[in-house]
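Visitor: Just need the whole structure built from these sequences, with the hints factored in.
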Amino acid sequence: MFPRLVYESFRHQPRRKLLAGIAITLGVAVATAMIAVATDIGDKINRELRSYGANLVVTPQEDTLDVEVGGVNLKPPSDGAFLNEADLPKIRGTFWHNNIVGFSPMLPVTVTVKIAGDAQDVTLLGTYFNKALRFGKEDFTTGVRITHPWWKISCGTGNASENCTWPDDGSQNVLVGERLAAKLNQRVGGTIDISGRQLATAAILSTGGAEDDQIVAPLALAQQLLGKPGAVRRVYVSALTKPQDALAVQDPNTMTPEVRDRWYCSPYVQSIAFQLQEVIPHSHAEQIRQVAQNEGTVLSRIKGLMLLITFAALLASALAVSAAMATAIYERRVEVGLMKALGAGNLAVSAIFFAEASLLALVGGVAGFSVGTLLAHLIGRSIFSSQISIEPVLFPIILAIAVFVTFAGSAAAIRRAVKFDPVFALRGEG
Amino acid sequence: MSTMPETLLASKQIADRRTPAPHVSMFARMLLRAAVLRRRRAASALLAMIVAAAVSTAMMNLYVDVQAKLRTEFRNYGANVVIVARNGQTLPADALTTVEAVLGTKTLAVPSSYAVARTKDGQSVVVVGTDFARARQLNHWWKVSHWPESPNDALVGMRAAPVVSANRQPFELTFQGKSIQLTPAGMLQTGAGEDGRIYLDQSEFQNWTGVSASTMEVAANGTTAEIDASIRQLAQLLPSADVRPVRQIMEGEANVLNKTRATLYASATLVVLTSALCVLATLMGWVFDRRRDFAIMKALGASERLVNGFFAAEAAALGAMGAIFGFFIGIGVAAWIGRVNFHAPVAPRFSVFPYVLAGSVAVALISAIVPIVLLRHVQPAIILRGE
Chain B
325 MFPRLVYESF
335 RHQPRRKLLA
345 GIAITLGVAV
355 ATAMIAVATD
365 IGDKINRELR
375 SYGANLVVTP
385 QEDTLDVEVG
395 GVNLKPPSDG
405 AFLNEADLPK
415 IRGTFWHNNI
425 VGFSPMLPVT
435 VTVKIAGDAQ
445 DVTLLGTYFN
455 KALRFGKEDF
465 TTGVRITHPW
475 WKISCGTGNA
485 SENCTWPDDG
495 SQNVLVGERL
505 AAKLNQRVGG
515 TIDISGRQLA
525 TAAILSTGGA
535 EDDQIVAPLA
545 LAQQLLGKPG
555 AVRRVYVSAL
565 TKPQDALAVQ
575 DPNTMTPEVR
585 DRWYCSPYVQ
595 SIAFQLQEVI
605 PHSHAEQIRQ
615 VAQNEGTVLS
625 RIKGLMLLIT
635 FAALLASALA
645 VSAAMATAIY
655 ERRVEVGLMK
665 ALGAGNLAVS
675 AIFFAEASLL
685 ALVGGVAGFS
695 VGTLLAHLIG
705 RSIFSSQISI
715 EPVLFPIILA
725 IAVFVTFAGS
735 AAAIRRAVKF
745 DPVFALRGEG
Chain Z
7 MSTMPETLLA
17 SKQIADRRTP
27 APHVSMFARM
37 LLRAAVLRRR
47 RAASALLAMI
57 VAAAVSTAMM
67 NLYVDVQAKL
77 RTEFRNYGAN
87 VVIVARNGQT
97 LPADALTTVE
107 AVLGTKTLAV
117 PSSYAVARTK
127 DGQSVVVVGT
137 DFARARQLNH
147 WWKVSHWPES
157 PNDALVGMRA
167 APVVSANRQP
177 FELTFQGKSI
187 QLTPAGMLQT
197 GAGEDGRIYL
207 DQSEFQNWTG
217 VSASTMEVAA
227 NGTTAEIDAS
237 IRQLAQLLPS
247 ADVRPVRQIM
257 EGEANVLNKT
267 RATLYASATL
277 VVLTSALCVL
287 ATLMGWVFDR
297 RRDFAIMKAL
307 GASERLVNGF
317 FAAEAAALGA
327 MGAIFGFFIG
337 IGVAAWIGRV
347 NFHAPVAPRF
357 SVFPYVLAGS
367 VAVALISAIV
377 PIVLLRHVQP
387 AIILRGE
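Chains as they are written, first to last, in the numbering used here: chain B, 325 to 754; chain Z, 7 to 393.
No lab work stands behind these hints, which were simulated from the structure alone.
No incorrect hints appear here.
Distance condition first, Cα-Cα at most 25 Å in a straight line; then the derived DSS-like pairs of lysine-lysine: (1) B/K566 - Z/K75; (2) B/K743 - B/K341; (3) B/K627 - B/K566; (4) B/K461 - B/K414; (5) B/K414 - B/K566; (6) Z/K112 - Z/K149; (7) B/K566 - Z/K149; (8) B/K627 - Z/K75; (9) Z/K184 - Z/K126.
Derived DEER-like restraints, expressed as beta-carbon distance ranges: (10) Z/Y361 - B/L662: 42 to 48 Å; (11) B/D517 - Z/Q73: 46 to 52 Å; (12) Z/R77 - B/T489: 31 to 37 Å; (13) Z/A172 - B/D463: 43 to 49 Å; (14) Z/S156 - B/G554: 45 to 51 Å.
Where is the CB? At the ideal position from N, CA and C, for every residue including glycine.
Guide: Below, the structure is given as structure tokens:
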């Protein structure tokens, strides 16, 4: 009898059930999408924060002091220690290699160019643009185009041809900083005479930094000019990190083994620096505090904001579901009156309503979860151009919340409905 | 002596009481009675309205204000504009005043001057003269063991320290034959170029080297367009210097901010839509429930216009009331979120109110009109019979 009552109720009132079902579906969809976005936003913003560039720098352990003012290095170029280029692919072999977005080696060389007739010292910076490398069985590309996304190339003013490109890493082509290009009156396609070599200008580089006064060349070319094959002055590493906490700043040498394992296996900027030192011999890795220290605050602010907004969204959808359920039940007072007149107890009547509510909640919950997943994917694709991952564990949680909210929303209405005098209900008063 | 029968007197009194009452009063009375008699359902409809208006207000307030709040957070990344004197010259003496006049005194500008000095054993080291109080405010990420206090105190970069003073003893530096005795007051660690430099107080530096400020780092607040405008203005006022944006900082900020704003916008839209749905569900149920009132009004000869007007007025009143209460609650919620998350309250934006009011009334009207339209073709008798 009980299942039949519930079944008949759905069969005879499809419109009302549909309305309540739609409300639950939409509420659950919004809740799912918001929870998915809020749980994934940290990861997404962390990736966006990489547009600030590298957060780690690796230098030789025995590094000598740079004497650099306004982007011009005043120190003799052969001075100082170097890292070995052959060690660099090992960066992909560190524990947190999946968190390393990219790295760029740098080798500044002081060269002489003729500006308006007289010779002048200019820094030529050797680096990777988009170099294909191999570590073990894994192929990957890295370079300034990944780690320094604010570096822009242009064809320069007064150049109609559109054939300016990033130089190939194996070529003898260079980029000329925009201020230097203006001083040299250098055009794209022209050549610069450096130590007897004629280097072709592939494009004009604009960075808003010291590189605007420099020449940027493939690393191999800079090594040839310096006469030190395989030499690298420093390596910039861009890594996804976890905001630092009390554990992050501890000294790994004074930790107990368990704490040290936990520290080592957390993607703190400090532990990634430690691991970089392990794989690159005679190196010293340091966080670039301007980038690394500020990431945490920005990230936690945005995450906190999304969390609070998700609460607001959950509240709004819970209220929408409750309101829809209350209305649906209130409309059925006559039915309640009839059931009670035929001798049904309060418990039996409530049981029917609760059974109906949970059925609605389950169906609406499943439909809402699918719609919400779609919505989250849509947001992820249109805003972050990447998927927003939805944890499968979210599904039972969402379903439980849907049932709970539907119950809570129905409870007050059901209590009022069963309390209502059947006589009035049947007479149609109230 | 003519006395009126008591019954007549009573009915006349009633008539007297009724005649002066205009038609509008009846209308108002109907509205009021409807709310009072079904106060529980009216209250739940109003509650839904208030919650929806409050959530919408909070979201709109946040959407507008959070961008400004986040921009302030992004200023922790330091300078986004840098002014450099051309061709090794120095900046004019009034450069700082000019910058502060253009960008306002809340802007942080740190002038600094550079020189390459020699240590006792002949090593070159870069010495920077700067304003410590300003540098400390601008560069939050600098890890400094102790900020210099007395004039001869120097801030020594991590990597410069072994070169100038191995065991934190006072050291001597020479620039163009003039030497200076300095005390290493604190160590500086940044992981960038600053680690290889020695920082001195600006006036002390100038007394020693005679070199005045050649660069200025500026943290300008505002949108990209505002900062671009300031840069153009500064370039005009300081013709002897290059004024340029720090692209690394500007583009990183714009990127993160755009993504955050888009996410916030999507979330706000979802939340506002859900609240509108909540109101729609509650109010439609409420109006639909009162089809009996509707039928009686029609049976007593009320015109279509009057009935529609009555329900519309009721919905509009409910919407307006919900919007007013909800607006103030929403402002409170936004301020609370601001305090919890950004440690600064979100300023109430009254410009949001017209939108909240219009939205609330519109949603209320829609939820009143839909059931009325559905019921219009139904005979009052059928409704009154309870079918």
